[in-house]
Amino acid sequence: MAEITNSTPLKMVKPKASRDDWTMRAFMVMIGAYLLIALAFPLYTMLSKSFENKDGVFIGIDNYLKYFSTPALFNSIENSVTISIITMVITVTLAFIYAYALTRSCMRFKGFFKIMAMIPILVPSLLPGIGLIYMFGKQGYMKWLLFGESIYGPLGIVIAEVFFTFPHALLIIMTALSISDARLYEAATVLRAPKWKIFWTVTLPSARYGLISAAFVVFTLVITDFGVPKVIGGQYNVLAVDIYKQVIGQQNFSMGAVVSVVLLVPAIFAFFIDRQVQKKQVAQLSARAVPFEPKPNKSFDAIMMSYSSLIVVIIVTILATCQFAALVKFWPYNLTLGLQHYNFDLMDGGGWDAYYNSIKMALWTAAVGTTVVFTGAYMVEKGRGFQQGRTLFQFLAMMPMAVPGMVLGLSYIFFFNNPDNPFNFIYGTMAILVVSTVTHFYTVAHLTAMTALKQMDKEFESVSQSLQQPFYKMFLKVTVPVCSPAILEIAIYLFVNAMTTVSAVVFIYSYHTQLASVAVLNMDDAGDIAPAAAMGMMIFYTNAAARLLHAVVSKYMEKKTQAWRQR
Amino acid sequence: MSANTADTRAETGNGQKPYLTTSNLTKQFGNFTALSDISLEIYEGEFVCFLGPSGCGKTTLLRAIAGLDIQTFGTVTQAGNDVSSLPPSERDFGIVFQSYALFPNLTIHKNIAFGLENRKLPKADINNRVNELLELVGLTSQADKYPAQLSGGQQQRIALARAIATNPGLLLLDEPLSALDAKVRAHLRHEIKELQRTLGVTTVMVTHDQEEALTMADRIVVMNDGVIEQVGTPLEIYRHPASAFVADFIGTMNFVPGQANGGNILKMGNVELKCNPENITEQGNVTVAFRPENLLVQEGGDKLPNAFEAEVKYMEFMGSFFRVDLLSKQTNSEAHIKGDFSINMVRRTGVKEGDTITVSIPQDRLTVFPGVN
Chain A
4 MAEITNSTPL
14 KMVKPKASRD
24 DWTMRAFMVM
34 IGAYLLIALA
44 FPLYTMLSKS
54 FENKDGVFIG
64 IDNYLKYFST
74 PALFNSIENS
84 VTISIITMVI
94 TVTLAFIYAY
104 ALTRSCMRFK
114 GFFKIMAMIP
124 ILVPSLLPGI
134 GLIYMFGKQG
144 YMKWLLFGES
154 IYGPLGIVIA
164 EVFFTFPHAL
174 LIIMTALSIS
184 DARLYEAATV
194 LRAPKWKIFW
204 TVTLPSARYG
214 LISAAFVVFT
224 LVITDFGVPK
234 VIGGQYNVLA
244 VDIYKQVIGQ
254 QNFSMGAVVS
264 VVLLVPAIFA
274 FFIDRQVQKK
284 QVAQLSARAV
294 PFEPKPNKSF
304 DAIMMSYSSL
314 IVVIIVTILA
324 TCQFAALVKF
334 WPYNLTLGLQ
344 HYNFDLMDGG
354 GWDAYYNSIK
364 MALWTAAVGT
374 TVVFTGAYMV
384 EKGRGFQQGR
394 TLFQFLAMMP
404 MAVPGMVLGL
414 SYIFFFNNPD
424 NPFNFIYGTM
434 AILVVSTVTH
444 FYTVAHLTAM
454 TALKQMDKEF
464 ESVSQSLQQP
474 FYKMFLKVTV
484 PVCSPAILEI
494 AIYLFVNAMT
504 TVSAVVFIYS
514 YHTQLASVAV
524 LNMDDAGDIA
534 PAAAMGMMIF
544 YTNAAARLLH
554 AVVSKYMEKK
564 TQAWRQR
Chain B
-12 MSANTADTRA
-2 ETGNGQKPYL
8 TTSNLTKQFG
18 NFTALSDISL
28 EIYEGEFVCF
38 LGPSGCGKTT
48 LLRAIAGLDI
58 QTFGTVTQAG
68 NDVSSLPPSE
78 RDFGIVFQSY
88 ALFPNLTIHK
98 NIAFGLENRK
108 LPKADINNRV
118 NELLELVGLT
128 SQADKYPAQL
138 SGGQQQRIAL
148 ARAIATNPGL
158 LLLDEPLSAL
168 DAKVRAHLRH
178 EIKELQRTLG
188 VTTVMVTHDQ
198 EEALTMADRI
208 VVMNDGVIEQ
218 VGTPLEIYRH
228 PASAFVADFI
238 GTMNFVPGQA
248 NGGNILKMGN
258 VELKCNPENI
268 TEQGNVTVAF
278 RPENLLVQEG
288 GDKLPNAFEA
298 EVKYMEFMGS
308 FFRVDLLSKQ
318 TNSEAHIKGD
328 FSINMVRRTG
338 VKEGDTITVS
348 IPQDRLTVFP
358 GVN
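Residue numbers (the numbering used here), protein chains in the order written: chain A, 4 to 570; chain B, -12 to 360.
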């Protein structure tokens, strides 16, 4: 006789997904699939190409053996790491003092100094290189300052990279400094700690995560940058330029893939360390912290003001030099002004069409990118269940940050140029440029969206569901309007970067889709440096105008919505 | 439903079918068990409070009932239907959160109308319903303002109006008053209870504030560490706490070690206390519990039963009464005993710090818990 002693084992409740849950998951899977196709698959193709010979036959690690037995190639690793570390130290130091001036002094015109420091973000990294050539090159007007040293090489690369990375470091360090807790300073002052001691025991420790994070961001930017060393590197080889030389110069795609993999290593390394640090930075924030208010100090404020002015003068000088060189007839012999260098149609590089293409591409990138990124972020942040899918999506969204533009571009050749690929049809079109650019800048945009979404009450969705309203109503009527500042921020970020990027597009533009930033590169390559400077400045003015428009629109929206925005 | 709180349980318990039940509800987060085997019945029109310290699982239970965080094991039925695995949108409830979760960019009117849209209702009907609700919560003049322009208490009422707009069968309130200051809280307590009575909607409220639970609930579910400690009317819970935890968590309670040796006599040190035998469930070492307000002071006249001597160590002025710290050598332990003395009594007897007085505990006010706390 059977006897049942145990009650039936407990059955786990399997939550039933609503129609909204399914729709949201479908959106997330779609955008996740986009990231797979635009990022993971191409990278995989590139990785496998690095193990093949020119004819596509698998040859194991032969390419790598060849790479590491060719000094002309593997020396670049040391070069790249060296200039990245030197730039990192200089930029972080300069940016820290500048950020200190902006957050801890009472100097005047802080708004002005903040804006001026952001200028380098608006230009392609090729441009500071060109500016330095006019200032310190063979016919440079400040050449005497170098005492016979050549600007072509590590010296020029480092100066231009410092210019290029300065605002990125500044933004991070400024955030770190502005979250410092005033109560710590009060406590230290009450304990009669001298100023220098407060600096070492309070200021630096509380900004340390920001400093480390800034250091890694600068390191990654420099080691993956292609524009600066291309223009001013001379014979000094670095990894990013090596990829370009292998692919464009020697048509050696396999070796290009090998160099790409080599370049991926430090970039991924820096990326992971930065992510770890970012996590800690968040944990450091305390809700009870009291913001620090600097007190006026005449001599200190004056020193800070002089320092900031000096930085601004350097930034402006580099740009003004480019503009001036673009306008004079024949540097340095005939300095009469004229617009002949703006006749882009007479030069290599695509002419004015390239400029218009760039604007078109940037607008598409901003529109498509903002929609895709924000929708994806919403689905992953506010969706219910499907935990593994969401974790995978988060990972895919973070990956682009670790992938240098050159590597992504090269992967696209391998992946999309394959006639067997069903997506082959986008090769050579504007679409692939937009896809590449959106993907390349996906992570920062995604993080901006996530930050904005996390600030929204997490119960909004619960309320909406309890009222049996579809999620898209909530999304369109509440989430999007409330997050509109972040959405605009993402759009302008994508636009500006689409205008300036070279690395993500240099391998995949076609004759019909030439771009302004690439035109700068090609004109510089052809020796038409003045027109290159002119085109570079056109990119600057366009981005400055876009930024201005963004500021006006933001102001207007702020005014319109101030009735409900709590400040 | 009945307004008389004390009767509700008896009335609803008689054959009436429960509106909402949870059976063997367990919720696990990884290795952590937030809720363990919760079975509960809630009747139609009842106002039930989940009360407990933070982290006791009360909000987890509410969210399981709502389908916002579905339980790992067990079932939830509502109005006779098994809703255990359904998403929130397929259940029937309105909810108010501590943060109110009002949509900041929509006017008050549009916030309340949010749930009424997409239901094939004519626009005029929606407007009428919104106006009706605004009137109900007394905020008709605020219809075109945004949430940020309203006070906390007003936002609270709007959130309530939005939650009941669609006439849900169940109203869930998740610490709805915690973000408000004391005066507004007391006022809204009354208002919400009043509204709930008028509408007759079955309501579950989560709170960590015992006063809120005692004043508003028909029945209180006291929770601790993911389990239910006691379910009962406010009076039952206050007068007859089922466990030392409940006794300690609700109101103030004295706990003194003692011995039960059969019969109706409890020993507390050298003091012998007469006690209702049905209250002594345990023999041997026990904990004797009584509330400070039940401590009587001998003021001449007849000798009180269950009396012993104690020294007044400290008198804390609490406004409407004194909380007195007493030390009794007779109870042998060095246990401090708290007593609440009315202002009148103190004036009458002139008792002051350092005096030795005779106090007594009425036998029906003694509770005994097993073991020594």
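Treat the hints loosely; a few may be bogus.
Derived, one-sided and incomplete: chain B residues facing chain A with beta-carbon distance under 8 Å [unchecked claim]:
id, residue
1, Phe19
2, Ser72
3, Ser76
4, Pro91
5, Gly125
Chain B regions said to be covered by chain A (calculated; three or more residues, Cβ under 8 Å) [as the list claims (entries may be wrong)]:
id, segment
6, 49 to 62
7, 132 to 141
Since the hints were made in silico from the structure, they are not lab data. The beta-carbon is built from N, C-alpha and C at its ideal position, and this holds for glycine as well.
Evaluated hints:
1. At a threshold of 8 Å, the smallest CB-CB gap from phenylalanine 19/B to chain A is about 16 Å, leaving the interface hint violated.
2. With its C-beta approaching chain A no nearer than about 5 Å, serine 72/B sits inside the 8 Å limit, and its interface hint holds.
3. Checking serine 76/B against chain A by beta carbon gives a least distance of about 4 Å; that is within 8 Å, so the hint holds.
4. Taking 8 Å as the C-beta contact cut-off toward chain A, the hint placing proline 91/B at the interface holds, the least distance being around 5 Å.
5. Taking 8 Å as the C-beta cut-off, the interface hint given for glycine 125/B is violated, the closest approach to chain A being about 22 Å.
6. Taking a C-beta to C-beta cut-off of 8 Å, the segment 49 to 62 of chain B contributes 9 residues in contact with chain A, enough for the three needed, and the coverage statement holds.
7. Here the segment 132 to 141 of chain B counts 4 residues with a CB under 8 Å from a CB of chain A, which clears the bar of 3, and the coverage holds.
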